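S.K.: Here is what each chain is made of, one letter per residue.
Number of protein chains: 2
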Amino acid sequence: MTATALETDRHRVVIVGGGFGGVYAARTLSRQPVDVALIDRRNFHTFSPMLYQAATGAVAPSDVSQPLRKMLRRQRNARVILGEATDLDAAQRQLRLSDGTRIDYDSLVVATGTQPSYFGKEQWREHAPGLKTLEDATEIRRRALLAFEAAEREPDRERGRVWMTLVVVGGGPTGTELAGALAELARNTLRSEFRTIDPSEARVILVEAVDEILPGWPEFLRHAAREELEQLGVEIRTGTRVEDIGPTHVDVRAGSGVERIETRTALWAAGVRPTAFGRRVAQALAAPTDRVGRIVVEPDLSVRGHPEIFVVGDLAAISDDAGETVPDVAQKGIQAGRHAARAIAERLRDRPSPPFRYRDIGDLAMVGRFRVVARLPLLALTGFVAWLLWLGVHLYYLNGIQTRLVVSMRWAWSLFTSGRGSRLITGTHATYGALPPIGSLDGSTDLPGVGDRSAA
Amino acid sequence: MTATALETDRHRVVIVGGGFGGVYAARTLSRQPVDVALIDRRNFHTFSPMLYQAATGAVAPSDVSQPLRKMLRRQRNARVILGEATDLDAAQRQLRLSDGTRIDYDSLVVATGTQPSYFGKEQWREHAPGLKTLEDATEIRRRALLAFEAAEREPDRERGRVWMTLVVVGGGPTGTELAGALAELARNTLRSEFRTIDPSEARVILVEAVDEILPGWPEFLRHAAREELEQLGVEIRTGTRVEDIGPTHVDVRAGSGVERIETRTALWAAGVRPTAFGRRVAQALAAPTDRVGRIVVEPDLSVRGHPEIFVVGDLAAISDDAGETVPDVAQKGIQAGRHAARAIAERLRDRPSPPFRYRDIGDLAMVGRFRVVARLPLLALTGFVAWLLWLGVHLYYLNGIQTRLVVSMRWAWSLFTSGRGSRLITGTHATYGALPPIGSLDGSTDLPGVGDRSAA
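Taken in order, these protein sequences are the chains called Z and D.
If you count the first sequence from 1, position 420 lands on 420 in our numbering, and the numbers rise without skipping.
Positions in the second sequence are counted from 1; adding 1000 to them yields our numbering.
With the rest of the complex left out, here is chain Z:
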């Protein structure tokens, strides 16, 4: 049971989760006399604010991600461990991985984020994937592109229309950006690429339970976003609740009646909850949680009764100075991760850890090509200037200069040309076999246009 190699007498900081919170916590500790171990199930960090771009083919998956080892290669006090944390023994200060490996810590930073939540309707998951991981983005890309391929091959116009109806559930920033990008994909990118269908006739429907999209944003921007989306042809259904999701339908209720939207491509951006390890941490520490299960942290981001354990990022329920809940955006993870690292450094010097204060630097949402709505501390912006700002901010935070250069080029190109070069249908079900047989219902097996002419 002896440890080898890097055995250390220094303070051991173990960080679980390689998102914004975990990575910024690790980096902030680079000059501290500690040993840092960053644990993630994946070998890469995902730049989640641009996931919807990968989901619609505008950028490649590797453009919005970066190997964790590369990000930390020069930080000699940090190591990366590919592993899945499953349990926590706070009394022993020991973390357990899925393969039984135990890892001791002196300080622990938990930054494992959230996953899509279906409000207890887990059966909806297979019909309406969420957008939290790079695999999710690839899966959404696959489904959206296969829908157009199926419509192209579908001889029955009514069934073709079902294929060309895309439903996004949830009108927050993710759902709004995704709906806008799907509309751009259909109306601009795919234009001229099909011979039977006209992709610009596709319907993109954005369903939101409350009365407005981007709830919590200033009214001026909510209206601007709605206008931009409607110009792109997105049908916005606010005040509309999802009642059921199946393989070929989304049932919605607005007022008293239930309406069935026939679709084979539903996407979920409506709710989240902590991942399994985050829930396990809350349980093991008997920590207070909010409505969706986030851990309510102490002012310094530690967990009540466990000053050596910090929770940062989307897993943490944090309030700002006004008592408002800090939204789950990248800045929350970045700022909280840095704060937890500084709190650990202060404690090492026997100094008290200061309270966390969230600095609201605004929100940005890109709802279409050059169409951005921005909320800044002192002003609100829409249109092209907001887009330039959005571009700069996103490129600034994209880690690694190679990625930044390549993404900016690829992206500028795709914006100006409507091209989306990363439209690959890959994965287990990527080949034609994933499509339903054409004409399986009415006995016709001919392809429109290149069919059995001699038999006609």
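It is worth saying that the hints were derived from the structure and are not from the lab.
What you are looking at is a predicted structure, and each value in this text was computed from that prediction instead of being measured.
Just so you know, even glycine gets a beta-carbon here, dropped at the ideal spot from N, CA and C.
Keep in mind that a hint or two might mislead.
Not everything, but these chain D residues come out facing chain Z in the computed CB check (under 7 Å) [to be verified]:
#	residue
1	R1069
2	R1073
3	L1082
The hints should help you fit chain D onto chain Z, whose structure is shown.
M.R.: What follows is chain D alone, placed relative to chain Z:
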């Protein structure tokens, strides 16, 4: 059974396969009075000469591929069909897809290429994947990167060495380039990224049954390639046959003795055979085939007895003017695809189709960063000048200017920095669960370096 929409009275050319042969055939027909349908199981073309770069993370999968619809969007007489051809009724001039769809043709171009062949040892496939598709590249990338992750977590040095032994079977251009790229990955890219292992201690072993790598190339270049590879630290085992491949070993025979190479990462670049549809075509047409099953075509690339059916690309066995077999390189597909299209155009005008003549414009192999060996019609090159040539040629043939720009940037960057930004471990088994539990054999479950210090 009536066809709709694009029903046509024009000559119908159906092309199966969206590789070099199929795409160049389709494009060459752009100004002809024909209707072209290009059928592929995938929605994208793969730039196969750079697959090994994607397999080692130097470029993203979408950098070496392009949506077929995008490539043909401006060609109004062409359409793309996502589908899998399974059978051929040459008497009815009808193609059948896996879902039962029938497609009539007047001329047929078969360009379905080859897949890895394991010489009847199909059980080797799961232990030693080949490199023919984009998914293959992602799988090889996953295995190679996971091997280093496993070695980093492996407390037992001997087992760690097994993880860090990579075996490439087959010393043709693919195997040679892959071995060189893996050595670069280990020695340059991954340097400084691990804390327990030193990736530059990894062994990359290239096994080739005949006496020299790059068989068929001029001796000067074969020696140059060997020298370059050896400088990179690749162990070249020529005159060495593979006897068995299992989950943790490759058994090889050189002379009389069998040696066991312990490895968990074997890759296959040793043999190919036609895909299932190509074999079906050969059978259905009773076409002559060569040793590995390629269809021996007539001088105009049609199939004996079927002047309306052309076979191009790797599926075709073609001889050059000197009677030598044309090797399976991109140029073979490009030139043959163009020729088949021209032959069809000539026939439409009741003119005879001319015989195909392969123009040997040389071979290029990149065996490492800036290390290229080039065989040209009039001269042979090695080193940096050859590399510049290689770069130009590959970028020229990469389809689409966006891809060309982005790839050249990403690539120049990765060459000069040894960075490989596309090192994502994705797919079904991409998470930590794909790794074997550490220490499962000796009862130790501690991680080197961050282990159970208090228990030590």
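S.K.: With reference to the structure, classify each hint as holding or not holding.
M.R.: Each hint, compared with the structure:
no.: 1; hint: R1069; result: holds (4 Å)
no.: 2; hint: R1073; result: holds (5 Å)
no.: 3; hint: L1082; result: holds (4 Å)
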